[in-house]
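Protein chains: 4
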Amino acid sequence: MPIRTGEEYIQSLRGRNLKVYLFGEQVKEPVDHPMIRPSINAVAETYDIANNEEELASAESSISGQRVNRFLHIAENAQDLVLQNKMQRKLGQLTGTCFQRCVGMDALNSLHSTTYEIDEKHGTNYHQRLLDFIKMIQNENYVIGGAMTDPKGDRSRGPSEQIDPDLFVHAVDKDDKGVYISGAKAHQTGCINSHWIIIMPTLRLTENDKDYAIVGAFPVDAQGVTYIYGRQSCDTRSMEEGDIDAGNAKYSGQEALVILDKVFIPWDKVFMYGEYEFAAMLVERFTCYHRRSYVCKTGLGDVMIGAAASIADYNGVPKVSHIKDKLVEMTHLNESIYAAGIASSYQAHKLKSGVYLNDDMLAQVCKHNVTRFPYEIGRLAQDIAGGLVVTLPSEKDFKSTETGPLLKKYLTGRKGVDVENRTRILRLIENMTLGRNAVGYLTESMHGAGSPQAQRIQIARQMQLGYKKNLAKNLAGVKDDYEEPTENSEYFKRVFKINDKEQ
Amino acid sequence: MPIRTGEEYIQSLRGRNLKVYLFGEQVKEPVDHPMIRPSINAVAETYDIANNEEELASAESSISGQRVNRFLHIAENAQDLVLQNKMQRKLGQLTGTCFQRCVGMDALNSLHSTTYEIDEKHGTNYHQRLLDFIKMIQNENYVIGGAMTDPKGDRSRGPSEQIDPDLFVHAVDKDDKGVYISGAKAHQTGCINSHWIIIMPTLRLTENDKDYAIVGAFPVDAQGVTYIYGRQSCDTRSMEEGDIDAGNAKYSGQEALVILDKVFIPWDKVFMYGEYEFAAMLVERFTCYHRRSYVCKTGLGDVMIGAAASIADYNGVPKVSHIKDKLVEMTHLNESIYAAGIASSYQAHKLKSGVYLNDDMLAQVCKHNVTRFPYEIGRLAQDIAGGLVVTLPSEKDFKSTETGPLLKKYLTGRKGVDVENRTRILRLIENMTLGRNAVGYLTESMHGAGSPQAQRIQIARQMQLGYKKNLAKNLAGVKDDYEEPTENSEYFKRVFKINDKEQ
Amino acid sequence: MPIRTGEEYIQSLRGRNLKVYLFGEQVKEPVDHPMIRPSINAVAETYDIANNEEELASAESSISGQRVNRFLHIAENAQDLVLQNKMQRKLGQLTGTCFQRCVGMDALNSLHSTTYEIDEKHGTNYHQRLLDFIKMIQNENYVIGGAMTDPKGDRSRGPSEQIDPDLFVHAVDKDDKGVYISGAKAHQTGCINSHWIIIMPTLRLTENDKDYAIVGAFPVDAQGVTYIYGRQSCDTRSMEEGDIDAGNAKYSGQEALVILDKVFIPWDKVFMYGEYEFAAMLVERFTCYHRRSYVCKTGLGDVMIGAAASIADYNGVPKVSHIKDKLVEMTHLNESIYAAGIASSYQAHKLKSGVYLNDDMLAQVCKHNVTRFPYEIGRLAQDIAGGLVVTLPSEKDFKSTETGPLLKKYLTGRKGVDVENRTRILRLIENMTLGRNAVGYLTESMHGAGSPQAQRIQIARQMQLGYKKNLAKNLAGVKDDYEEPTENSEYFKRVFKINDKEQ
Amino acid sequence: MPIRTGEEYIQSLRGRNLKVYLFGEQVKEPVDHPMIRPSINAVAETYDIANNEEELASAESSISGQRVNRFLHIAENAQDLVLQNKMQRKLGQLTGTCFQRCVGMDALNSLHSTTYEIDEKHGTNYHQRLLDFIKMIQNENYVIGGAMTDPKGDRSRGPSEQIDPDLFVHAVDKDDKGVYISGAKAHQTGCINSHWIIIMPTLRLTENDKDYAIVGAFPVDAQGVTYIYGRQSCDTRSMEEGDIDAGNAKYSGQEALVILDKVFIPWDKVFMYGEYEFAAMLVERFTCYHRRSYVCKTGLGDVMIGAAASIADYNGVPKVSHIKDKLVEMTHLNESIYAAGIASSYQAHKLKSGVYLNDDMLAQVCKHNVTRFPYEIGRLAQDIAGGLVVTLPSEKDFKSTETGPLLKKYLTGRKGVDVENRTRILRLIENMTLGRNAVGYLTESMHGAGSPQAQRIQIARQMQLGYKKNLAKNLAGVKDDYEEPTENSEYFKRVFKINDKEQ
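Protein chains in written order, with my numbering: chain A, 1439 to 1941; chain B, 1439 to 1941; chain C, 1439 to 1941; chain D, 1439 to 1941.
Derived from the structure by calculation, the hints contain no laboratory data.
Be a bit skeptical, because a hint or two may be false.
Where chains are identical, the list cannot tell them apart; a pair therefore holds if satisfied intra-copy or between any two copies.
Computed cross-link-like contacts, DMTMM-like style, restricted to lysine to aspartate or glutamate with a CA-CA straight-line distance of at most 20 Å [said to hold, decoys possible]:
1. 1935 / 1486
2. 1931 / 1470
3. 1846 / 1918
4. 1917 / 1558
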C-alpha cells in the first residue's frame, strides 16, 4: 500500500537497519533522534501538501496512469515544470528549510531523456528499466535521493587518475545478477530520509573512466552503505529542552556523507553502465533542472521577509521609511530569483524521450542570483532585527523564576507585544542567518547544484558571443568582418522561436 | 492601402504639415532632417520585421480579422504577451536604440480593458469606439504614439490645484462634434514619427480633476499641436559628414515636448471623458504592460555585449580571464532582466474585456532591474573597451591625408584588425554609454515607464507582508498573534493558482 | 600592584562575587566556565600585546606620568588615534573575535572632553574626578566596560515617557555619599570580563529626562548588579570535548544584559549628573570614536582572507583565476574599511580639554562600510570554501575508530594535506560566517556602535548640501541663486585646513 | 619672469608653433579655439588657486628655496602628499573636470627617487639633472605634462617584439648633444596645455628593450611633435552659441594623441637612458602616486551631489525620504574614495632620495573604488534629476520668441524657480554623466592611471596571503603547517610600524 501522509511516511522510515553515525556513535533509530527528526518533518510536508494542494503538488502520470506526488512525476509539458517551481516555493514557505526531495525529482527527469538517448545509440534498454522503476516508486510513493557529488580528492585529476580509485564512485565487480559499486558521495541531501538512492556520475568522463560511468538505484538500507551525519550550525539546540532557541524547532535540512562498500545494484535497476560519453549529458541536464529548482529559496525568502516585517512591527517601527524600503528591496531581490526560475520553466522544450527540459541559460541565471541575493536578504533582515538577534539570553533564562521576570521587564518592545513572541521571531531570524537553516538558506544556496563558478562556465558556454558580435558590427558599420557564429548553444534560437509548445 | 514596408512608412511621413521646432527654428521636412532621420529609421524597422519575421512580429487579430503588426495587436493570450517581449528584444538587437512603438501598443491594450470596465459601470460606449479605432489603424497599419506624462509643475499639487491649469492636459471646451484639449506632454517618445497620438491622464485623479480625465486620439498633424525637439547627447554628430563618429549612424530614439492648444478630438475618438475614478486603473494597467516592455533593453544589452566582445577581440585579449568573466557578468545581468520580463508575461491573466494582462509584481521587478543593470553593463563595456573610447580623434582626422596615415600606424591593434573597424566599435560603445543611444540605454532605462521609486511603491503595494508575517510566525511558534492579512494584492493567489490558462 | 600579563588578568577575575546567569542558573566561577572562558582569553590578549608590542599597544600617559595600556590612554595627538586603529587591527588578527576593550577606551576619551566642557559651563568638577579615576585605573591596569545601550522599550517614546521608568538607566536616589541608579543596559560587550563599568546615557535628553543624565563608574561586582549572559550561535560547542568543531576554540566575544537595581556610585565616581544638555555631546563624541574603532574588523577580515586562501590551497586550487580574483576582492573591501578608519584618525582635531577627536564624517563612512563589506567578504569565503563548510561530520566522528578512517580516506584533498588541518580551516570559516564569531564579524559589525541608519543620519547632518549646491550652481552658470550655506558641520573646513597639527 | 596667474598662463600659451590637428585640420591658435579653450581654463585654475589658497596649493621647495606651485613641488613629508589630495579635491570642486596637472606632479616625484637609485647603481648623474630641471620649472612656474601610455599595438608582444618598432617610444639616434626619439603617446592629458613634456616608459622592460628605456623632457613645441586632438562626447556644443547646453561651459578636460618624429632631447634633460631594469620601478612609483591622485574625482563628486541636491530642490522634492537617502549614499561613496586617498598619503614613507611615497596598497584601493563609485554616483544623480536631463530642448529653443515662452510655461517646477536655472542644472548633470565631463568623471575614472585589472594585479601582489594564512592557521589550531611567508610586499610592516614619521 502506498504511503499517503506525512505521518505514514515517518512510520515508513522506522525499523530500517541503517548504519548512521553521529557524534562518533551509531544512531539507533534516526526517526527518534531529536537532531535528525526536524529534517524528517520537512520531508513529511512533501506528502501532506500533495493531499492539501493536490493540483499544485501532484500530477497525473502517464507512466503509472495515476495521480502521483509531483516529486515523482516526469514533466510532460512546460506547465509541469512551472508547477514544480510553484510547489517548491510553497514548501519553502511552509518549512523554512530544505525539504530534500528535489534532487530525486530532477534526477528522474534527467534520466528519462538520457536513458532514451543512450538506448537510441547503443541499443540498450535502460529507458524501459527506468520507466519500470518509476512506475514502482509512483505506486509506493517513495522518497528518492539522488546522489551525484563525489569527494573528488585531488581536483586536478580525473576519476581514473586518483591515487585512491574510490574517490569517485565506480563499479568494482559485476555478475549475472548485477553490479557492485564502491566509493562515496559527499553532503547528500536527505539521503537518510529517502527510501531509494539513485547514484550518478558527477562530471564529464573519458574512455578511461568507463567504470565510473554507472547509474543505478538501490534501497537506502542496502548492505554496505554507511552514513556519517553532517553537523550544522547550532544543531545541538534541537537537543535542548524547549523550542524557542532552535528558532525553527520543527524543520531543518539534512546532509550526510554516504560511503558505499561493494553495494549491489541488480541489473534491472542499472540505468547506465559504461556509456561514459553520456555522463556529461546527464550531468548537464540534471543541473539544468536542479539550478532552477533553487526557486525553493524564494519560499525561504518569503519567511525571512515575513520575519523581518514582524520584528519591525514588534519593535514599533513598521512605518519608518528606511525599514519599509529595506523590505521592498528584499522583496525585489526575492522575486528576481523567482522570475528567473519560472521563466526558465516556461521557456522549456521537449526532448526526444518526451520529457520537457527547462531553459538552460535562464536556469543558470536563476541559480546564480541564488548565490547572491539570499545573503543580501539575510543581511537586511539582520539590519532590521537589531542586535538582540545575537545577544538574547537562553530560553532557560526566560523560563527561570529568577531571571525570567527581569527579561520580561527589560526586553519589552512596543506595547501589547508579548516578549516571548518577540524572542521567537528573533530566534527565527538567527536560525535563518546564522543557525541551522542558514545552512540551507545561505551556504546551500551558494554551493548546492554547483558553485557560482559552475554557473558562470555554463553561461559562458551559452552566451553566443559570435551572434552578438555580429549585431554590434552591423550597427557600427564594420566592414568585411562578419563572423560565422559557431555557437554551441541554441539559446537565441529558443528565445526567438515562435511556438514554444513544440520542440 | 495599408503601409507595408519600412520604406512605405517613411514615405507616409512626408508632406505632413507638422509644426516641429529644433534649435529655435521650424523644421521643414522632419523626414529629411539628418538629426531626426535616425529615429524614423528605427521605427521603420518595426514594419520590416513584421514581413521578415512574421510569426514574431505580427499576429492574427480577432478585431479586424486579419494579420496585423504586433504593435497594433490586442493580446488574446499569455503567449501574445511573451511574443511582444521577444519581438522587443529582437528589435533592440537590430536597432540598438528605442524603436518608439511600445507606448502605443501598451496604451491600446490597457485601454481595451479600461474602456470595457468604464462602460460596464457608466453605460458608455467607449469600448466599441476603441475597437473601431483599432480596426481602422490595423487596416492602415499606422504608428500610434501614447502620450501620458504631463509636465506636472509643482509636484506637491494635483492637476486642478496648479496655478496654471495647463500643466496637465485637460478639456477646455466641447461641442456636438467633440472635445477640445490644451496642455502639454513632456518627453514624448517617437511622437513626430507617429500617425496618431492617444492622449491619457498621467496619475490618479479626484473628483475635482474631472476635466483632466480625458482619453482620446488625434492625428499627429492635428491643428494646434506644436512639437519641440529634445536634444540628446552628441545629437549633432548626425549632422556631421561621415558615419563613424555617430557610433550608430542609422538609428536613434526621439523625444519631444508636445504642446496642445485647443486640439480637437471628435467624439468617436474619445475613450474617456470625466470618469476620473478610472484614471488610476488606466495608469496602473498601462505601467504594468509598459514596465515589462523594457525587456527591449536586453536587445540593446546584446549589442553592448557584442561590442565589448568585439573590441576585446580587436585588442587581442578575448581569452583573458577577467575579460571573459566580465562578459559573463554582463550576460548574467542582461538575462536577469529578460527573465523577469517574460516571467511577467507568462504569468498573465485574462481581464473582463478578454485582453490578457501580464503579472504586475514581476513587471515591476523587471523594470526595477532595468534601472540598475544597464548602467553596470555599460560600465563593464567601458572597462573592456579601454580609454580610447573617449579619446579617439574625429573621423575627419582619420580621413585626412596628413593625420590619417599617422592614426592608422599608431592605432593599430592585434594583427589583421582594420583600424577603421576598431574605431567603429569604439564609437558604438561611446554611442551607447555616453552618446546618443546612451539616452535610450541608460537614462530612459532609469526614467521611462516610471522612475525607480515608482516601481518600489508598486512593489510595496503588492508585497503582502501580512501573508509573509504569518508564514514566519507559524515557523517561529509565535502564539496568539496570527494576523488576518488584508492585502490589496493578489500576487500569491496568482503564483499558486494551478491553471494559468484561465482567469 | 598592577596587572601585568594576560595570565595575571585572568587571575584578577577570580573569586569575585558576580551574579552571572546562564541557561537559567547562576554561574559559580565565570573564569572556569568553558562557554565564557574564550571571551576572557580574548581580553587577556590585550594585556599580552602591551608587553609584546609596546609601542603599538601602550603609551606614555601625561595623566599618570607612566607607560600605560593604550586602551586606558587619552589620545594626546592624532597619531595616538591612528595607533588605536593599528592595535585594533592587530588584536583582530590575533583573536579573530571581539576583544571587548574598545568601548571603555572610547568612553574615557569622550568623557575627557565632555566633562571639561560641562565644568566650563556649570562650574562642576567632573573633569578632575575623571582624571583621578583614569590615574587610578592606569595604575592598576584595569579593564573598563562602557555601558550605553538602554533597552529603550517603546521606541517612539523618550526615557521619561516610558510606562516603566527603568527602561532607561536613571538615578533613583542620592545621599551625601553618592547616587543610586536602576535600569538595565542591553548587549553589553565584555561586561563580565571588566573590572569597572562606566554608565552613560544612550541618546539626546530633554529637560524632563534630568534623572537619566547620569554618568558614573562602579565596580563590576557592585551590589545590585545582575548579568544575564547572551547566547551566541554554536556557543555550546565550547562545552563539547575537543577543539575542532568550535572553529576558534580559544577566543570569542561576550555580550550580556546588565541589570542594575539601586547600584551605588560614590560622588567621586560621578562624571555627569543632571546636565541633560550634554548627553547628546557625549553620545556623539563616543560614537565618533567608536565607529572608527570598527577598524578591528579588518583584523578579522585578514583572518577570513587567510582562511579562504588556506582552504583554496588545501583544495588544490590556489592559482585558479576566479579564486584569486575573489581573494583580491576580499582584500580590496577589507582595506577600504581600514582606509576610512585611519583617515578618520589622521584627520583628527584637538578639543578644548586637550584630547584629540577623529574626523566624524569619515568615522561614519568607516562604520557604514563595516555594515556591508564583512558580509560580502564572508560570502566570498563560503564561496571559496565549498559546501563542506556546512556538512562536515563532528570531531567525534573523526576521532571514532569506526568512522575516523573512512573520513580520512574520503575527505582527503590535495596530496600532502592533512585531513584534520583541512577540517580545522573549514570549521574556522564556519565559525566566522555562521558560528560563534559570526556574531562579532557580521551582526556586531551591523549593529555595534549604531545600526546603518544611525550612520546615515550622521552623514546626512554633515554632508553640507548648501556648500555643494553652490559648487554646482557656479559651474552651471546659475544666476541669482547663490545660497548662504547654513551647515551644522565643519567637515569641509577640516578637509581644507592646512595644518592638521593644530585645532 | 615666472607665470603668476591664470591669465598670464593663458597668455604664455599663445604664439607657440604647435602642430595640433582637430577635425582634419591644423588649429591656428589653440588658445582661441572654442572647443579647446575650456581645457585651458581648467589648467589656469591651478595657477589662481596657488594665489588664492596659498597654503593649500603652494609649498616651500628646498630645491629652489622658494614658494612654488604645489604641482611642481617634491613631497618632503607625508603632509605634502595629503595636501596634494586636498588641493586636488578643491580643484575638482572648482572646475568639475580634469585640470590636467597631476600627471606632471606625480612624474616629477617618482623620478626624484628613481633617478637617485639609478645613479646609486650606475654612477650616472640623472638625479642632479632632474633637480636642475625642477629648479628651472619652479622658477618659471611651468606646466609639465607627463607622457607614459604608448599605443602598444599587439598587446601580447613587448616593445622590441612589435612589427612596427614605433608602437612604443624609443631612442632612434643620439649624438654628443642628445638623444632623438620616435613613437607616440596615446590619450595624453593636457599635453597641448603644457610647457614641457616628460616622456617615460609605460611598462616593465627587458634587456632587449634598452632603446625603450628612455626618460627625458622636451618643450611642447619641439620640432617633430604632432598632436591629434581627441573627441569627447558633446564636444561641439562648446562651439555653439550660448553657454547653457554645454552644461559646464567654462571647463573641460583634454586628451590628445602625441606623435614624436625624431624629437630631440639634450643630454641635460635626459633622466634615464638604457637602464631598462629601472623602468618597472618608475612605473610602479608613478602609478602609486597617481592612483591616489584620483581623489580629485571626489571634488567632481561634490559637484555632482550638489547638482543632484539642487535639482531636487528645484523640483520641489528635497525632503522626500528616498531622495535624501540617495544623497546620503552618494556622499558615503564619495567620502569612501576620499578616505582611501588621504589614508594612502598619510601612511607614506620616505625613500632614499628623501622624497615621500604614499602607501601603495591603499593607493590601489583608492583608485579601484574610483573605477566603481562615480558610475553609481552618476546613476543616482540621473535618478534624482528625472527624465528631462536627456530630453530638454536646445538653448536656442529657449531663446526663440516662438518656443521660448512655451518652454517657460511648461517646464516650470516649484514656484519661484527660474526655468533657465533649472535647465542649467539639468545640463550640468547631463554634462557630467553623458556629456563632455562624463569623459573625466566616468571613463577616465575607469582607465586613467590604469584600468581596474591593473589595480587588482597590484593588490594581488601586496595582499600577503602567507601572513594571513598563518593568522588563520593559528586560530584554527592547524598543526605542523606554518608557512614561512615570502611576500613581496611590506604592507603590514608599514601598517604596524609605530612611527610613521621615519622610513
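Checked hints:
1. In this homomeric assembly, residue 1935 and residue 1486 come within 20 Å of each other (Cα to Cα) only across copies, at 18 Å, whereas the closest approach inside a single copy is 39 Å.
2. Proximity of residue 1931 and residue 1470 under a CA criterion of 20 Å is satisfied in neither setting, with 53 Å inside one chain copy and 37 Å between copies.
3. Proximity of residue 1846 and residue 1918 under a CA criterion of 20 Å is satisfied inter-copy only: 17 Å between copies versus 79 Å inside one chain copy.
4. Taking the closest pair of Cα atoms, residue 1917 and residue 1558 never come within 20 Å of each other, the shortest separation being 46 Å inside a single copy and 55 Å across copies.
Of the numbered hints stated above, those contradicted by the structure are hints 2, 4, listed in ascending order.
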